[in-house]
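Novice: Each chain, written out:
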Amino acid sequence: MKFEKERYMPWIMVSPSLIIVFALTLYPLFYSIYLSTRSYDLTALWKDAFIGFENYSHALNEDAYLAEALLATFKFAAGSLLVQIPLGLAIALLLNREFRGRRLVRTIITLPLVAAPIAIGLVWKYMYDMKFGIIPYFFQIVFGSSPHWLAESTMALVSIIIYDSWQWTPFVALILVAGLQGLPQEPFESATIYGASAVQRFRYLTLPMIRPLLVIVALLRLIDLLKLWDPVWALTRGGPGIATQVVSWYLYRMGFLYLWVGYTASIALMFLYLVIILSVIALRRIARL
Amino acid sequence: MWKKQSKLIAAIAIVIIIVVGIVVVWYVTRPPPAPRKVTWSVIAGFYTDAMNKIAKDFTEKTGIQVEVIGIDNTVLYEKEVMELAAKTGAYDVVTIETMWMSEWTLAGYLEPLDEYIAKAPKEEMNFEDILPHYRVLLSRGTHTYGLPYYTYDQGSIYRADLYERKDIQDLYFEKYGRALRKPDHTMTWEEYYDICYFFSKVVPQEWVAPPGKTFYGLSMMAGRFGESQDEFMALLWGHGMDWVDKDYNIIINNELGVKCMQQYADFLALAAPNSIEITYDGCVGNLRSGIVQGFLQFFLDQWPNAIKTEQEVPGAKMECGTGVGGRGYTGCFAVGMSADSKHKEDAWEWIKYLSGAKAQKDFALMGGSTCRRSVLYDPEFYSTPELAHKYAHLKAIADSAALLEPLPDTEKPPRIFMLPQSAKIYVGPFIDVMSLLANRQKTAKEAADLMADEIAKICGWYPEHKPPAGWTPGFEKLSLPVFEEQYLSWLFQPLCLVGAILPSLKRPD
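Chains as they are written, first to last, in the working numbering: chain A, 1 to 289; chain B, 1001 to 1509.
Same shape as in the complex, but just chain B:
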């Protein structure tokens, strides 16, 4: 028996020695701690190339690596929402389109940034330097959820050489009895329609068209993409209209709304035929092919691409300025912190750096469009006529922003941004209905009525086109100190069948 016991003791001792040995070897040979790193989801393309350079500078300064994950604009929304809704923490910093802000804040996807902003040194943050309408657009309730890093505010981009030609000016005066003006915020949409009609139908083709091609009054972003309604909104807001009024009643199908829809269709009849297939890059392609004089209103951040027309079309001279109608589409891409980020402090450092004056200036020097006043008005960009021309879009952005400053905060962003379902409306009926109108499958009245119905359905108000009595967007909930987690995140763990069957734990209404 003693022999059996001693064998047992020896076996246990050997096992313990082996286990301890394994632990010691593992501890000694374990890899060094991973470097500090944050992941950032961003639009793939030109902007990402510039951001890689800025991220490298940031890493050298702080030691925090930034993994820049470029995602095509057409799938950015769903890719980010999947990760945010599933609380995976895959992206520490997310790119937010201003139209998505209401939905994401109410869903609890984003971390409020106020405390971080308050604690940041002024020379690094300088929150008031950010253009006021973005500060409003990126806040909900009493919290700020994002900081802008690049704007796509719209304005006018056009072939100035065509407007300055004497023969064209004389012909215009002969037809309309007034001087041909370059488009800007003082021009009405009616006058701009006349100009587009003039270039499409009146000016002899041999005066303006490249050999073997047809010249058109404008190019439009009427393809089946979100930008189609960015363009339409410029028309809408330029008429003082919006999709909903200040009480969130849906008004898009009132008389003025139908007029705007009809005007959109009228402009499209004058546009390059491929307008119904393309978005902003196709429009720039049309401009650089020399077949259009300009656009309805256009993203000023495309100026660095548009200005290349001067090298590609003989005699072309480009200019940009404020948008027709007095109010262009306003929006930006912002950076926000995922509420599920496991590296919040490092994520904040990147957000602060990217939206800060130094990185914004670097971005502007690389052709990007900044959201900071100090950069927009930096004399370095206007020190020579060549630089002033190269960075003309910065002045246009500043001038467009100045037009918004006198407005009260409640009007700086149009009401549509404040609807909780604005993101769904943006990716859904905005695209469907504008495409139906663009392809003449619906008349202006039918499109306006359909749009109103679809917005009402998404908001849950259908058949009414207004919210129920006492309804609010719900942003007052965001004024709570912490937006608590609403769900146990079992639903996306494949083996948790039990969690899928049991009633979910719900936050009380």
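Excised from the complex, chain A in its bound form:
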């Protein structure tokens, strides 16, 4: 048989990449699906058995800790978005203007993005420390007392939101700046001529035009926020109590401390489905732009 070079050569060329993709993504995925149907405990391998959807049923119906973790995750995500989107938009509007040193400012605000999250988390942990942290110190000076940033349930979540917002608001701002710079100028010029104030121009022109991009940025951030890990590890380890035990942290505990690999696989897969749904929505929105 004549070797049809043109037909098979592309497959041969991409086969090394396909093999790597298969080995590193599809195989673990299928293996996770397999594990999720078993009572697989790394420390008690003799108890391994096929149990069908029992892991899923337990996770959805009986696991109060998972429910708390989901609630903590959504609280954190909602709080972070409420801070990062408006703040990012405000910074983007500022950076959209011409002023001296704009490029330098843009470079400086991207610095948090390039820092290692764990390293930054440890710095923030020291900043929140009640004995020698700079944040409680300033609160003492200004307000006379300081909350326990990492030791009170509500404040711990707020502390993580502040840290995450400090790191990722620049990302939001940079994307929105790009969007703002792509807006047509004629409607703004017309509005100015007709006497519209800055607030009116923002409300009736900027916001509607930039809304699709805002939705995409919010979705992208939401996907990231649902996978939150580094701030929890660095700052609170899921505490106080279980106040900041988000889903990713709960997965870590089930998988690496309890070593209930089968059960962990089932939770991870359910969470993956959720993230996939959000990702598909985001991608469709991007395609419509």
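If you're looking for bench data, these hints aren't it; they were derived computationally from the structure.
In this text, a Cβ means the ideal position worked out from N, Cα and C, and glycines have one as well.
Accuracy of the hints is not assured; some may be wrong.
To be verified - Pairwise CB distance ranges (calculated):
| no. | chain 1 | residue 1 | chain 2 | residue 2 | range |
| --- | --- | --- | --- | --- | --- |
| 1 | A | R106 | B | G1315 | 53 to 63 Å |
| 2 | A | I276 | B | D1072 | 27 to 37 Å |
| 3 | B | V1075 | A | P16 | 28 to 38 Å |
| 4 | A | L111 | B | Q1205 | 40 to 50 Å |
Stated by the list, open to error - Derived DSS-like pairs: lysine-lysine, alpha-carbon spacing no greater than 25 Å straight-line:
| no. | chain 1 | residue 1 | chain 2 | residue 2 |
| --- | --- | --- | --- | --- |
| 5 | B | K1037 | B | K1352 |
| 6 | B | K1004 | B | K1037 |
| 7 | B | K1466 | A | K47 |
| 8 | B | K1477 | A | K47 |
| 9 | B | K1122 | B | K1466 |
| 10 | A | K47 | B | K1457 |
| 11 | B | K1352 | B | K1053 |
| 12 | B | K1466 | B | K1259 |
| 13 | B | K1087 | A | K47 |
| 14 | A | K125 | B | K1213 |
| 15 | B | K1457 | B | K1053 |
| 16 | B | K1061 | B | K1079 |
| 17 | A | K131 | B | K1201 |
| 18 | B | K1079 | B | K1037 |
| 19 | B | K1166 | B | K1182 |
| 20 | B | K1119 | B | K1477 |
| 21 | A | K131 | B | K1213 |
| 22 | B | K1079 | B | K1053 |
| 23 | B | K1122 | B | K1352 |
| 24 | B | K1201 | B | K1213 |
| 25 | B | K1166 | B | K1213 |
| 26 | B | K1358 | B | K1119 |
| 27 | B | K1061 | B | K1344 |
| 28 | B | K1317 | B | K1213 |
| 29 | A | K47 | B | K1079 |
| 30 | A | K131 | B | K1317 |
| 31 | B | K1079 | A | K227 |
| 32 | B | K1358 | B | K1037 |
| 33 | B | K1053 | B | K1037 |
| 34 | B | K1342 | B | K1079 |
| 35 | B | K1342 | B | K1352 |
| 36 | B | K1061 | B | K1037 |
| 37 | A | K131 | B | K1308 |
With the hints as your guide, set chain B onto chain A.
Specialist: Leaving out everything else, chain B in the frame of chain A:
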């Protein structure tokens, strides 16, 4: 045709010559055999620094290199279990926390050491010299699986200068009608609560607090770490309680268990506020800042750190002794041999050396806390008042151990250690529930009930809080001559998809 055949023969001959040449060159130039080496996973920090020195001495003596792999305490468990479960043999010698022993022995992670112990010369081993409660803690079934190399038994560590001050003593007597005593094993938890309350709420701040700071009755390890329940267990065992009774029925939420939980919360109300964020190093930090008089009960191995308070707080004088309630948290880090080690004989040499009297004494001289009687009672540590003060923790460990000796073996380690799932309970609900209690997200009764439920779930007994009829921990299986491999270890080889799909080969129950 002959020309074609001769060409073929010549080509084959050339190939053979090339191959032989390559083999000869490889053989002649191959590197010398690797030196004998064992890898040892150990807690990173002070202890590892001391161990590096001991490992160097060992290498000089035996020619066996020891690669000391320091791992942070917060991730030691999972790092070791990953390697042990996957049978990688990455660590020849592993550090074992006594709470992990039941799980690891039943999972077949550890090699029994009895034959090695029996064959070792007495002057090198002297198994009976090891404190009895560790010998029990590190055995399951009829086998010994680990030898202790450093203990963190708890006792009392406190600011003796505060207890000796006349004005404080008079004020205490005025309030309570009894003399202010230094904490030790004869003191009840109720009396110690009064003392902590006294230092927190009664003693004028200007008498005891450093300038610009607030003084508290104690510091506690109530942060979201495993040590939070080490501390609570001292309270629990001091009341004669445990998490499970002798038949493994879960009893933590009975009346006395709830009382202990409430007492823990009451102590925490008197503690330095950062107690709910910290563990043992934070507690020592509080002590050395001069803002607390002591702890609930504390790891005696922290004495070398705690005693530095005398240099950092003017007028401070530190003392240590047996723990309040008569029974402190008991535990140690031991060394065991991985069942998958490829260097078992060399691994045993290191285990024997590290847990032996010479290395234990060297460790003690460097500030470590030993598990051997001969070292604890060595007169060299008490030959001068200065040395006796510097090594006071060794006497405290010996005195605490002496309190346990009259107990039968079944009571030396509390029952919780014998639960097969003790490791999971230690890294899971112990931390969660104690953190919920510490942060007032649960009352004492709610925390006790939740703890009982969580232990039952992990043990597979829920909603019952007791084992099924006929249940045993399973250690009788360990009395078999060899604990056979249960699984073909295909599951962690990425290309063995077939192995992941086919039913696993199982050891019959």
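Novice: Each hint needs a verdict: does it hold in this structure or not?
Specialist: Now the hints, each set against the structure:
no.	hint	verdict
1	A:R106 x B:G1315: 53 to 63 Å	holds (56 Å)
2	A:I276 x B:D1072: 27 to 37 Å	holds (34 Å)
3	B:V1075 x A:P16: 28 to 38 Å	holds (35 Å)
4	A:L111 x B:Q1205: 40 to 50 Å	holds (44 Å)
5	B:K1037 x B:K1352	holds (15 Å)
6	B:K1004 x B:K1037	violated (56 Å)
7	B:K1466 x A:K47	holds (20 Å)
8	B:K1477 x A:K47	holds (15 Å)
9	B:K1122 x B:K1466	violated (43 Å)
10	A:K47 x B:K1457	holds (15 Å)
11	B:K1352 x B:K1053	holds (16 Å)
12	B:K1466 x B:K1259	holds (21 Å)
13	B:K1087 x A:K47	holds (18 Å)
14	A:K125 x B:K1213	holds (21 Å)
15	B:K1457 x B:K1053	violated (44 Å)
16	B:K1061 x B:K1079	violated (30 Å)
17	A:K131 x B:K1201	holds (21 Å)
18	B:K1079 x B:K1037	holds (20 Å)
19	B:K1166 x B:K1182	holds (14 Å)
20	B:K1119 x B:K1477	holds (24 Å)
21	A:K131 x B:K1213	holds (10 Å)
22	B:K1079 x B:K1053	holds (24 Å)
23	B:K1122 x B:K1352	holds (11 Å)
24	B:K1201 x B:K1213	holds (14 Å)
25	B:K1166 x B:K1213	holds (23 Å)
26	B:K1358 x B:K1119	holds (19 Å)
27	B:K1061 x B:K1344	holds (18 Å)
28	B:K1317 x B:K1213	holds (19 Å)
29	A:K47 x B:K1079	holds (22 Å)
30	A:K131 x B:K1317	holds (23 Å)
31	B:K1079 x A:K227	holds (22 Å)
32	B:K1358 x B:K1037	holds (21 Å)
33	B:K1053 x B:K1037	holds (16 Å)
34	B:K1342 x B:K1079	holds (19 Å)
35	B:K1342 x B:K1352	holds (17 Å)
36	B:K1061 x B:K1037	holds (13 Å)
37	A:K131 x B:K1308	holds (19 Å)
Hints 6, 9, 15 and 16, counting from the list given before, are not met by this structure.
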